[in-house]
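Using the hints, put the two standalone chains together into the complex.
As a plain string of letters, each chain reads:
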Amino acid sequence: MAETVIYAMYDDDDVLKDGAKKLVAKGVKIAEVFSPFPIHGIDPIIGVKNTRLGIMAFIYGITGTMLATYGMRFFMVEDWPMNIGGKPNFTYLDNILAFIPITFEFTVLCAAHGMAITYLLRNKTLPGMPAQNPDPRTTDDKFVMEIRLSENSNFSAEQLEGMIRETGMIELDQKEIK
Amino acid sequence: MHKEAAIREPLILGHKTYHDVTEDVCKPIEDKAPRMWYILFGIALIIGLYGVGSILYLLGTGIGVWGLNKTIGWAWDITNFVWWVGIGHAGTLISAVLLLFRQKWRMAINRSAEAMTIFAVFMAGLFPLIHMGRLWVGYWTLPLPNQFGSLWVNFNSPLLWDVFAISTYLSVSLVFWYIGLIPDFATIRDRAKKPLSKKMYSILAFGWSGRAKHWNRFELVSLVLAGLATPLVFSVHSIVSFDFATSVIPGWHTTIFPPYFVAGAVFSGFAMVQTLLLVMRKAMGLEAYIHTKHVEYMNIVIMVTGSIVGVAYLTELFVSWYSGVEYESYAFINRFSGPYWWAYWSMMTCNVISPQLMWFRPLRRSLLFTFIISIVVNIGMWFERYVIIVTSLHRDYLPSAWSMHYPSHIDIAIYVGTIGLFFTFFLLFARYFPVLALNEIKTILKSSGESYKNAPDHSHDNHSNH
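As you go down the protein sequences, you meet chains A and B in turn.
For the first sequence, counting from 1, position 47 maps to 46 in numbering that gives the first Met the number 0; every step adds exactly one.
For the second sequence, counting from 1, position 200 maps to 199 in numbering that gives the first Met the number 0; every step adds exactly one.
Some hints here could point you the wrong way.
[Unchecked claim] In silico EDC-like links for lysine to aspartate or glutamate, alpha-carbon gap of 20 Å or less:
(1) B:K15 / B:E3
(2) A:K123 / B:E218
(3) B:K197 / B:E29
(4) B:K212 / A:E145
(5) A:K25 / A:E145
(6) B:K103 / B:E286
(7) B:K15 / B:E286
(8) B:K197 / A:D134
(9) A:K25 / A:E160
(10) A:K28 / A:E175
(11) B:K193 / A:D134
(12) A:K174 / A:E157
(13) B:K212 / A:D13
(14) B:K212 / A:E150
(15) B:K15 / A:D10
(16) B:K197 / B:E22
(17) A:K20 / A:E145
(18) A:K21 / A:D134
(19) B:K192 / B:E29
(20) B:K15 / A:E157
(21) A:K48 / B:E218
(22) A:K21 / A:D11
(23) A:K21 / A:E165
(24) B:K212 / A:E165
(25) B:K192 / A:D134
(26) B:K198 / A:D11
(27) B:K212 / A:D134
(28) B:K212 / A:D11
(29) B:K281 / B:E3
(30) B:K292 / B:E29
(31) B:K193 / B:E3
(32) A:K20 / A:E2
(33) A:K21 / A:D42
(34) B:K15 / A:D13
[Said to hold, decoys possible] Short derived list, chain A residues pointing at chain B, Cβ under 7 Å:
(35) I41
(36) L66
(37) T137
[Said to hold, decoys possible] Which chain A residues stay away from chain B? Per the calculated CB distances, all over 12 Å, these:
(38) I5
(39) D11
(40) L119
In case anyone wonders, no lab produced these hints; they're calculated from the structure.
Fair warning: this is a prediction, and the values are worked out from it, not measured in the lab.
Where is the CB? At the ideal position from N, CA and C, for every residue including glycine.
With the rest of the complex left out, here is chain B (with noise of 0.2 Å):
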């Protein structure tokens, strides 16, 4: 058995034996919802309906709906459609490279945040697909034969690129996703009482019964996924960003735009799980599993990446400067003093202020100072994508073509709605499904558990392997 330096923080607190572990993730599944639960779901659903409404709206008018113009035709849709991929890079990041990095505290975090990461990724997905107007001709961006005139789709292009890079994450996360959550599907069907719970969980269980071959299989399938899904992580944010670095806009035709994405993803999707688990712990019990500790090192990861982050803008503007080209240089300066100044340094505030705190150790161990600064952070990482495509976009070549973005309500409404939908869609996983990776947990109690981690080792004395 792996043991662990004494001085380490155990990662499970108290007193818990296996059963206890069981108990603890699958009590809230098995009981009624807490009232709150039905407040928090009835207000996300009316918000994503709203959206949904808003989205159904628009199918039938027209993209014309929202506040596009001639010089922007780019804005909130593309802009969410980054700020959402980018929080989907959390779940997949903490499931599979700290894998592969064998951090044990990734087991207490893992399950909810690569859930947040599907429906992150589904919110991402649908802007590229509403923005086409056509919804039901999505379809025409596979390479399909030629019945649409003998024309392949053009894999030149990043935006194609895009198509297979989302749909391949999408649909690996949840195959990741779901490979995991078969056992302790199986461990909630062994223990449901009602005669439907019994059969839906059997269906989700797929018969796993917990054979040392399977089990066998199951940490190979494991760690051969988080292999694959660790560079898929950083394509996927990378090739989004060549939807820009590939264009020759002043201000996206930027080579530091991969690493700088994907560290703003990463910065971005740990926020976002920091604002979720804060509050699931809290009202499902879990603060033995998910402590200061695993909040302590989210925040370390994302005083990192929002340095890295940090160090990118500056890089941006010094190149704009250094390289000499008159329009680039501008592209800046109007960022940070042109009619947009405010969403900039909202931008500065948030993203290269803010997780500097970080350096404190009172405070990234602090909970309430946390929960804000991941709902900052997830505020200026919008302002980022926002910044980068609206004000590189407003001036043009032209001044007769300058222009301005005001978004309509339907932008408004989309963007809000996807939120709620999001949440929606949190709220369910978080009422039926298995929060932590309660199986997973199970094999680092006695490693990692506060009870055992300390104590005289009673129970191997006599057995001479360890």
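Isolated chain A (complex conformation) (with noise of 0.2 Å):
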């Protein structure tokens, strides 16, 4: 179903960030914001949420702990206990320093990459994928607004139109897109 998008273009951040307020209390829904850097507070305004990717680089990183740690264990006491320099290696626990800087870096590897490939799998952010900026621009000096019709059935095409002119926006454009 093809659907009519109205795309409001701000040549500020502040502008932008303040004109979201107006529109969001009279009560339209903004699907979405472009913008050449992170405008800072406009995710509330807007309704995104925190992302949650904190909580998935912990686990990572507990993963890799818990692998560095049963790896060695295995690797060191249990598959073939190795006598360097007279040093305990019984138990896990007698060599355990000799372990410490091998889990502590396994843990940031893991943590950091597997944070990262979710970071770009979430985003679809991948090698080859097609730009999807409205304009060109957006990714330079403008900041645009998408606002979708179908998500604002309380107000005409020409009642958004209106509300948007006011809030000090420089260009304005409509699309169907599918």
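Structural data, given as structure tokens:
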């Protein structure tokens, strides 16, 4: 089903933010904001929830810690205990000091890469993906607000445009997207 | 919006708009490269290829082509390794530690410092690999199952810790750097005119569109990666220092090695950043973004870490005497008065005296002086590693085994070759990649840009939320 989308362009992040605040106060639902850099404070206004990637990073990190611990216990204590300078190696705890550096490194390795891969997948930013910003200038110095008619059934297109025009935007565009 | 005190110097000079930032950073990439770039690239490439040739010769012949002998089994190879890893510490320190401390001046230098880090760690990683002599069995350092006899790699050995530390550091730095680059590649993609460059930058930009949710994730990912990378930076050089500190060679068996190596690494890394950026800002016309204040901040870091290194040198000397261990004190007396006295005193002059000059404000704000000191510091830091490694080894317990180290031409060629390769990579980076984190710079333009900062607040008068 084709959908009508209104793109309102701004040339200042603070103007866009204030505009968004006014529109939301009137009950308009803003679908998306495209900007060249993070606009601090826009997320709660347009209803973007905070990401949970941090929790994932923690889970990946803990997985790394456990893998490293289990691996080194298996290699150095269970499978083939090695006598290195007569250091005790009967249990994992006897030898734990020597295992701390690798446990730490492996934790960081898993947390960082796990999080980075999840980030790219969740964003769907992967090599070869097409750009989706409505205007090439949004990665330079312009800020675009996307409003979908289907999400704002209380208003007509004319009413929406009228409200947007009052917010200090510089260009207005209407598109049909699939 | 965050406000900054008026007396704080602006970080971006002149009257820049968001679009100007994009222009200033993208222009050098889109324009033809200046003739000087081709000349420098040619020189770096020739030197680098000479190094590659020497490495191939070494691999074909064996590491007997190095000037090592029975007493001195480690010399330039590990000196160069530690030197390059040390240089590779500045990038992540700048982008991670300064991000955690919310230091905005990092934004002008983090991108190129991280690039430098990655290339320096590449160069460092070469040395442990080629010193195996048989590069193709390098994967034996990984804990692989038992096809090679039922023995695992030794997890008690700092050399294996190094494998994990360096590979983690390299790959995490690379990911951190690339995640920051994606939005900037998108900017270049959207400006590109030629089909080929449009295509290339589209692939590199991963389809980035700048959605609010993506920026939300971006900021968190940067913060968490910085949090992970900060202890990582400190751990890497600590582990490198364990290679020496856990041995029983007088002069190496020292508990202060980890902090002393980390301070030395930051010291040399910042010096290399200065060397590169002072040239780059001029050549690429980025003086408005990387100006005297940034240079001064970096010089202060150099001064502080240089002082830590100096204190460490003196502590080593004191402890060698105070320990009452004959071998330990001899190792240090031999360092400053033995046959390698010149290396020791070069190290002392370059690393202890030169950074102290940065106490003088006119000197640390002088670009020429900074450039000279930055090179002096890196010479000194190379000598530091050489002194620690070679002078500790060349006097064995048995005087009959005493020896000297003379580098062969292959030693020298490989070392100089890595410098060539490093500059080859850096020049390619400066030509095709955004050298400033341009979209991050835009976030501080209003709070730290000269024209916004101290101007009367016109645009916000009518907004109640500020």
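Which of the numbered hints are not met once you compare them with the structure shown? Numbers 18, 20, 24, 26, 29, 30, 31, 32, 36, 39 and 40 - these are the hints that the structure violates, sorted from lowest upward.
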